[in-house]
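Peer 1: If you read the protein sequences in the order shown, they are chains A and B.
452 is the number of the first residue of the first sequence in our numbering; add one for each residue after it.
509 is the number of the first residue of the second sequence in our numbering; add one for each residue after it.
Rather than coming from a laboratory, the hints here were simulated on the basis of the structure.
From a predicted model like this one, the values you see are computed outputs, not experimental measurements.
Here a beta-carbon is modelled for each residue, glycine too, at the ideal position from N, C-alpha and C.
Heads up, a few of these hints could be off.
As the list claims (entries may be wrong) - List time: in silico DSBU-like cross-link candidates among lysine-lysine, alpha-carbon distance up to 35 Å: (1) A:586 <-> A:515; (2) B:562 <-> B:681; (3) A:523 <-> A:586; (4) A:513 <-> A:523; (5) A:630 <-> B:562; (6) B:679 <-> A:515; (7) B:679 <-> A:523; (8) A:549 <-> A:523; (9) A:523 <-> B:562; (10) A:549 <-> B:679; (11) B:562 <-> A:488; (12) A:513 <-> B:679; (13) A:515 <-> A:549; (14) A:513 <-> A:488; (15) B:681 <-> A:586.
What the hints assert, rightly or not - Okay, the calculated bits of chain A under chain B, using three or more residues with CB under 8 Å as the criterion: (16) 576-582; (17) 596-609; (18) 626-639.
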Amino acid sequence: MATKTHEPVIGDGSLHIGDRVVYPNQGICRITGVETKQIAGQNWEVVTLSREEDGATVMVPKGKLMGIGLRKVADVAAIERVFDELAIPNTDPQLDWKVRHRENADRMSGGGLFGTVEVLKGLHALSRVRPLPQKERELYDNARHLLVGEIAAAMNIPLHVAEDNLDYALWPPPGMTRKGRPLPPATLGPPSPARPAAEDDDLGLEDEELGGTEEAVAPAAKEPDEEEEQPAPPAAHKAAADKEKSKSPHRPPKPALAKKARPAAAKKAAPVKKAAAARKSAPAAKKAIPKKPAGKAKAKGKR
Amino acid sequence: MIRIVTLSEFPPDVIDFVTRRLHAAYGMGCELEGEGEIPADALDDEQSAYDAVKVVDEMDDDVTLYADDKIVYLTNEPLTAPPGPMGRGPVDGYAQYGGGKALVTAHGLSDKGLPLEVGLAKRAAHYVGHLWDLHHCFDTRCAMHPGWSPGFAAYPEVALCLFDREKSERKIKLGSS
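Pulled out of the complex, with its shape left as it was, chain A reads as follows:
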């Protein structure tokens, strides 16, 4: 297939082999070379790129390189402007789904840094109003993924630090500032609606949970009348959540309940040394703790 490799001019001449570039909708790639490929009887000069995330190879016909929106990784100044933009709260999300879909599709296929920021910011603002539908949830995750990757690459910081910083702007913690200006702290948004519990959600942990942890979890005042008004918990673990529901607070506007939980936390923090001493005196007992879940996983055929 490959017949020759040479040191060519790539794109408009600003790109070189070894450069890190951003491929729209694919993320950070590194230019690995230019090759001539024979496809359907014709010779095509293609630029090969290696996606940094997983090493996948992307081949782009040389003539179309600039047309697809390939660009160099943003510089630090551009990233600073991104955070300036993110730190401005968006209180006016586009509510017309047709307009929103068209705009977001254009921004993502364009591959621009600020287009991705707009997509993320717009969907983030919308998520504060109502839960996102599945397609937009995927788009939100994709935009976040691309942005985190580019911030990390541009600033030379770990991906985790990049994402935390992104959310320091979107969900400002108390006391967070941007260029000396205090950001309004994040407030509690609406939870997503529940889905019906899947069959495998019941992992049979209920009986075991009662033994070890019931005294650790703060008791909550049960209000059966309000149950129907509240959206059900995310059904990932409905069984576990139901168990929690019966013994711990999970409704946002109840600071009184949250305060009730505090003594329990303090109570649990105190016996650390005592338990540690017990563990030292009987190290065999400590090893025995986790075998139940691991064994259960095997028995149930879970990974």
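Dock chain B against the given chain A, drawing on the hints supplied.
Peer 2: Just chain B, lined up with the frame of chain A:
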């Protein structure tokens, strides 16, 4: 398999609760692997907190890992992280995205109004999620919601939202083991 290594003393019932919750959240086996020591040279310049990135990178343990095994280090120590474009913010852990190691601290949980084991399990589920390439989630009930937001304490259940649950299941199924 998710392997837990404690870098501080934790009551056995807390570890027990965390392993069960991680098992329930990801459908993977989870067990206590043993104890370790936090690298002393990972203290930050002010000597007040440990640099989470350094701790994970410099952790010297002899845990045997197989394909797709994840290690979660649990500690009580305060953590910090390299400053980013927004400066420094609250840090309750660190994870190598798509990698194998995560660090979670119980420091500061008492201020959140959650029982120690619930808060620690929720944080651990969050950072294990990052190990499976999950990003932060806007759903306030989801374990992947940022830990400093009010949703963390308001919804104590250790659960993933539908989207993150399905994404993690896909990643786990595609795993090399």
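Peer 1: Work down the list of hints and note, for each, if the structure agrees.
Peer 2: Do the hints match the structure? See the list:
Our distance criterion of 35 Å between C-alpha atoms is met by residue 586 of chain A and residue 515 of chain A, whose separation comes to about 29 Å. For a cut-off of 35 Å, the pair hint linking residue 562 of chain B to residue 681 of chain B stands: about 30 Å separates their Cα positions. Between residue 523 of chain A and residue 586 of chain A, the direct Cα distance comes to roughly 28 Å. Compliance with the 35 Å bound is thereby established for this hinted pair. This hinted pair checks out: residue 513 of chain A and residue 523 of chain A have alpha carbons roughly 16 Å apart, not beyond 35 Å.
Distance hint between residue 630 of chain A and residue 562 of chain B is fulfilled; the C-alpha atoms sit about 28 Å from each other, no more than 35 Å. Taken as a hint, the residue 679 of chain B and residue 515 of chain A pair is honoured in the structure, with Cα atoms around 33 Å apart against an allowance of 35 Å. About 29 Å separates the Cα atoms of residue 679 of chain B and residue 523 of chain A, which keeps this hinted pair within 35 Å; it holds. Restraint check for residue 549 of chain A and residue 523 of chain A: satisfied, since their Cα atoms lie roughly 31 Å apart, inside the 35 Å limit.
Pair hint residue 523 of chain A plus residue 562 of chain B holds up; C-alpha atoms about 29 Å apart against a cutoff of 35 Å. The suggested pairing of residue 549 of chain A with residue 679 of chain B holds, with an alpha-carbon distance near 31 Å, which does not exceed 35 Å. The straight-line distance between the Cα atoms of residue 562 of chain B and residue 488 of chain A is roughly 45 Å, outside the 35 Å bound, and the hint therefore fails. Annotation: proposed proximity of residue 513 of chain A to residue 679 of chain B holds, straight-line Cα distance about 33 Å (limit 35 Å).
Under the criterion of a C-alpha separation no larger than 35 Å, the hint pairing residue 515 of chain A with residue 549 of chain A is consistent with the structure, at around 29 Å. Annotation: proposed proximity of residue 513 of chain A to residue 488 of chain A holds, straight-line Cα distance about 11 Å (limit 35 Å). Between residue 681 of chain B and residue 586 of chain A, the direct Cα distance comes to roughly 22 Å. Compliance with the 35 Å bound is thereby established for this hinted pair. For the region 576-582 of chain A, the stated coverage by chain B holds: 3 residues have a C-beta nearer than 8 Å to a C-beta of that chain, and at least 3 were required.
A count of 6 residues in the region 596-609 of chain A with a Cβ less than 8 Å from any Cβ of chain B is obtained; the coverage claim is therefore met, three being the minimum. Proximity of the region 626-639 of chain A to chain B, defined as three or more residues with a beta carbon under 8 Å from a beta carbon of that chain, is established by the 6 residues found.
Hint 11 alone, counting from the list given before, is not met by this structure.
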